[in-house]
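A.B. asks: Starting from the structure of chain A, add chains B and C where the hints point.
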Amino acid sequence: MRASRAAIILLLILAAVIPVTLGGCGAKKQTDSFFAMGSYITQTVYNAENTLLESVKSDITQADANISIRIDNSYISLLNKEKTAVFDTQTYNILYSVVEFCGVTNGIFDISLLSLTDLWDIEGESPSVPNQDYIITALQSTGYENIIFGDNNTVTLNGGVWLDLGSVGKGYACDLAVEAYKEVGVSGIIAVGGSIGVNGKKPDGDNFLVGIRDPFSAAVSDIFAGIKLASGFVSTSGSYEKYFVEENKVYHHIFNSKTGYPVENELVSVSVVCDNGMLSDMLSTACFALGIDDSLSLLKQYGAEAVFVTNDKKVVITQGLRFITTVYADFEVIYI
Amino acid sequence: MKKLNKLTLNALLAALAVAVSAAEGLLPSMAFMPPGAKLGLSNIVTMYTAKTLSVYNALAIVILKSLFVLVTRGATAFFMSLSGGFVSTVIAAILLNRKNGKIGYIGIGVTAAIAHNTAQLLIAAVITNDGVFYYLPFLIAASVATGSATGVILYLLITVTEKRRSG
Amino acid sequence: MIKLRDIIIIICLLGAAAGIYIYNDKGEGSRVQIDYDGYKYAEIEFMAFADDEEQRIHINGTTVVIDKYGAYFAHSDCKDKICVRSGKINRVGQTVVCLPLRVSIRIEGEKAEFDGITG
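Chains as they are written, first to last, in the numbering used here: chain A, 1 to 336; chain B, 1001 to 1167; chain C, 2001 to 2119.
This is chain A alone, in the form it adopts within the complex (with noise of 0.2 Å):
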């Protein structure tokens, strides 16, 4: 009698404290922000020890100084200046599985480009659409077949080619964070500019919530699509980041490798959804470019998923995602 009596009780407390300790009270979250890859970036963990967020935040600019054209004396500016150079071999191992993923996608997707980009010199001060014989020549000095990697991580480029990893960055540091994140089990969520990398759930037993920004709209903070995210990265590519306009035309900053002008098709903007953030920074990218219909396969190949939107406002989301997407605007939304 008594110990079923205590029991009641017991059940009875548990009860009445359960739902305020289900509120996440008790969880440490810490924030850190800081710039690197060109970008902005933002993480949050959850009880983590307190050297955590440093020791990514030295990892990811440690990876910046290895591959940012901005730096000096990284491997790619050497690489760039010498026309040939020795890597350190994570760096050596990152620039294959690009140049691989270029190969997959047959260009479309290309890290040789800058000799072309510096030419419209999108994010300049004054941009116009260069001439034609300009770029002609400036595509000449592009092509990802021209990267060759030698013995003893050395990297050489022919057909005096430059290379930029801007369109990788991101996601890699993405990778960097969630591995570090993973290797000691904290739940955590980094945002590299437009790139998000995600590990876990939060305190409260929800999964991490990503907003899509509206393409459409010239609010930064107005979202149009929500992905509730148990793990992986996102990244999205849009004709609205970077552009400007001429004649009434917009010229944006994802190139058509083969004509040297910017991607012409129905997309404005890609998230594509993938369990490695390089690969999802390059798979959105490539779609972009690619357009819808030609997408699905490469998608496919990697098992990631996407979410498009196009020029008349239809947003096309893949199977996957079906389930975990909510769009809150007043797009036309078909699932493929």
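To be clear, the hints were calculated from the coordinates, so they are not data collected in a lab. The structure presented is a predicted model; accordingly, all values stated were derived computationally and were not measured. Check the hints yourself; a few may be wrong.
Taking lysine-lysine pairs in the DSS-like style, the calculated list, with each CA pair at most 27 Å apart, reads [what the hints assert, rightly or not]:
(1) K201/A with K28/A
(2) K314/A with K242/A
(3) K202/A with K28/A
(4) K1102/B with K2003/C
(5) K313/A with K228/A
(6) K2003/C with K1163/B
Covered stretches of chain C (in silico footprint by chain B; criterion: 3 or more residues with CB under 8 Å from a CB of chain B, positions within the stretch not fixed) [claimed, not checked]:
(7) 2002-2014
(8) 2083-2096
Quick reminder that beta carbons are idealized off the backbone N, C-alpha and C, glycines included.
C.D. replies: Showing chains B and C alone in chain A's frame:
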């Protein structure tokens, strides 16, 4: 108790219930409480009636009290008073008249208050919309407070009057 | 007067109340729904209002004012004026009701709090 005494007692209690209810009605309603929700002090009277007379007497008083509210404060207040009073009185009657009192007066007061306020919340939800359930947490907290007070007063009342009757 | 069971009941109730409150808080809302007589009367998105923009709506003797930060009853013909005294609401689920005049205002539309933004 003789029949005449019972009748007198009933009348007195009914009048008391109405008076307390009227006095309560003058108090301003709190924000964060469902509109029209009152302290429920008049329930002390009905609960006392349920214990010393019978639950039927108590319910009669509830009806009378509510009719008074209908005349003075209107239809919505009438339904609130009737529902709250009815439910809490029945529950209080059951709890008060049990032989093995495992629940103290405070527990009874709180339970009656929760029943009273929840019934009122349901009526409010029917009249307006689901949104009033937002008040549930505040209502529970308030019921604990007012119910405890009601319980204490009821305890004192019953103890004192039992003594007087036996003494 | 007070027994062990009473205390247990009270603890459970208060715990449940706290739990419900925390669990139900879905953040700041983006629109207010005005109901009259149990039917939806109006739905106004206030999130996009300009800083000093304000909308006044008159229903059945009440005046509802909506601005960028939320909604409230500015005036009511009812006797108790509880609705007016309830102040301004802006979090999802919050509701103010004028029972005698059968008008209620309720905040809806979670402006979900995002953990990260891509794009």
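A.B. asks: With reference to the structure, classify each hint as holding or not holding.
C.D. replies: How the hints compare with the structure:
1. K201/A with K28/A: Given that 27 Å is the threshold and the Cα spacing comes to 14 Å, the pair holds.
2. K314/A with K242/A: Judged against 27 Å, a Cα distance of about 21 Å means the pair holds.
3. K202/A with K28/A: Within the cut-off at roughly 11 Å; holds.
4. K1102/B with K2003/C: 7 Å, holds
5. K313/A with K228/A: 22 Å, holds
6. K2003/C with K1163/B: 22 Å, holds
7. 2002-2014: It holds, with 8 qualifying residues against the three required.
8. 2083-2096: holds (count 7)
The structure is consistent with each of the numbered hints, conforming to all of them.
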